[in-house]
Amino acid sequence: MNDNNNSNNSIGVGKTFSSSNTRQPKEFKTLLCVFSALKGTQITIQLRSDTEFYGTIENVDKHLNIELSDARSTNKFNQIIEYQLILVQSRNIRYIHIPDRIDLNNLLFIYSKTLSDIKKKNQRTKRKPGTLPYKADDNDSDNDNDEDIQKEEEE
Numbered sequence: 001m002n003d004n005n006n007s008n009n010s011i012g013v014g015k016t017f018s019s020s021n022t023r024q025p026k027e028f029k030t031l032l033c034v035f036s037a038l039k040g041t042q043i044t045i046q047l048r049s050d051t052e053f054y055g056t057i058e059n060v061d062k063h064l065n066i067e068l069s070d071a072r073s074t075n076k077f078n079q080i081i082e083y084q085l086i087l088v089q090s091r092n093i094r095y096i097h098i099p100d101r102i103d104l105n106n107l108l109f110i111y112s113k114t115l116s117d118i119k120k121k122n123q124r125t126k127r128k129p130g131t132l133p134y135k136a137d138d139n140d141s142d143n144d145n146d147e148d149i150q151k152e153e154e155e
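In terms of full-length UniProt numbering, the sequence shown opens at residue 1 and continues consecutively.
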């Protein structure tokens, strides 16, 4: 009897929240979507060598390598070096500090909407079975030419 109550109280244990009917792009299954959505924002990246980079995200590739522009690096001896453009390899990254002023929920919502708009724009339209790919209108210029040809043949 006590086991029954415990099983009712453990809501969500062992359950997945994703549905098999809804397909998410691969990009949303990893942290790639977070950093792709942060393009154009300034972040701090801490490397495993205790070097920190502060700069604007220009690009993020599928391996999570991050390209920063107008970057500044500070090493463990507090030496500052400035870079116009630098690529930080993901295998060297320890932490990525995202500023508190950034609302990630809203940013990811906007990013997902942008991706779905791009997907819809590039998606091919499907024809219904049994329909022609081109339906001529009554005002079509080809019909006018056909009538002219018929008149010439009659004369």
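If you're looking for bench data, these hints aren't it; they were derived computationally from the structure.
A portion of the hints provided could be inaccurate.
What the hints assert, rightly or not - With a straight-line Cα cutoff of 27 Å, these simulated BS3-like cross-link-like pairs (lysine-lysine) come out: (1) Lys-39 <-> Lys-120; (2) Lys-62 <-> Lys-119; (3) Lys-39 <-> Lys-128; (4) Lys-62 <-> Lys-39.
The hints, checked one at a time:
{"no.": "1", "hint": "Lys-39 <-> Lys-120", "result": "holds, 22 Å"}
{"no.": "2", "hint": "Lys-62 <-> Lys-119", "result": "holds, 18 Å"}
{"no.": "3", "hint": "Lys-39 <-> Lys-128", "result": "violated, 40 Å"}
{"no.": "4", "hint": "Lys-62 <-> Lys-39", "result": "holds, 14 Å"}
Figure legend: structure checked against the earlier numbered hints; the only hint not met is number 3.
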